[in-house]
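Chemist: Protein chains in written order, with numbering that gives the first Met the number 0: chain A, 0 to 66; chain B, 0 to 131.
Mixed in with the good hints, there may be bad ones.
[Unchecked claim] In silico DSS-like links for lysine-lysine, alpha-carbon gap of 25 Å or less:
| no. | chain 1 | residue 1 | chain 2 | residue 2 |
| --- | --- | --- | --- | --- |
| 1 | B | K72 | A | K60 |
| 2 | A | K51 | B | K72 |
| 3 | B | K104 | A | K60 |
Don't read these hints as lab results, they were simulated from the structure.
Given the structure is predicted, the values throughout are model-derived calculations rather than measurements.
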Amino acid sequence: MNQDMQTLFQIAAIGIIVAMIHTVLKQMDKEDYAHWVTLIGFVVVLFMVVRKLNMLFSEIKTLFFLQ
Amino acid sequence: MELIHIVGLSCVVALLVLVLREHHPTIAFLVVLFAAVIVLLLIFHHVRDAFVLVRALAAQAGVDEIFFTTMIKMIGIAYVAEIGAHIMRDAQLASMAAHIELAGKVLLLVMAMPILTTVIQTIAHILPFGAT
Chain A
0 MNQDMQTLFQ
10 IAAIGIIVAM
20 IHTVLKQMDK
30 EDYAHWVTLI
40 GFVVVLFMVV
50 RKLNMLFSEI
60 KTLFFLQ
Chain B
0 MELIHIVGLS
10 CVVALLVLVL
20 REHHPTIAFL
30 VVLFAAVIVL
40 LLIFHHVRDA
50 FVLVRALAAQ
60 AGVDEIFFTT
70 MIKMIGIAYV
80 AEIGAHIMRD
90 AQLASMAAHI
100 ELAGKVLLLV
110 MAMPILTTVI
120 QTIAHILPFG
130 AT
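If we strip away everything but chain A, and leave its shape as in the complex, we get (with noise of 0.2 Å):
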């Protein structure tokens, strides 16, 4: 639960961080290297979620016998 809470957390503060440098960015006139930084902490957040996914379809999986 604590470790859960701590995950969402940094996922909610990457969003906030990257959303801040593409602006910083944007504002430099630097327009690739603003989405290349929004695409990478897209890429970061999303194999957190789905390491979890993972976790809650192996356990879906065992609960209900689907296999």
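Chain A is already provided as a structure; the job is to place chain B on it using the hints.
Modeler: Same frame as chain A, but now just chain B:
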């Protein structure tokens, strides 16, 4: 008291999503997804306890193990379809949610087919006019 944890977590998630949505809708959606997964993982421990009880009751009542397992599987499919449909609705994909629900219904029907066949055969045996 786990419910207080869950309600508090949802309040925090709502706040975070409201902050994030203006800048970054995709990450806001991922936050919602992660919170949903956490809540479901918290709840499934209790579901397991409930299933142990129901299994014991079914064994006492002499219910066939295959029927019981099929029933649990059907409950699981219904749960998963519901979860997927709600997540799709969160992402504002109502048509995808409808497709998931349809797929869940069809899979439930397919899974219930052997039981349905058994019921129909039993009725055919009971009926007096000739259907063997």
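Chemist: For which of the previously enumerated hints does the structure constitute a violation, in increasing order of number?
Modeler: Failing hints: none at all.
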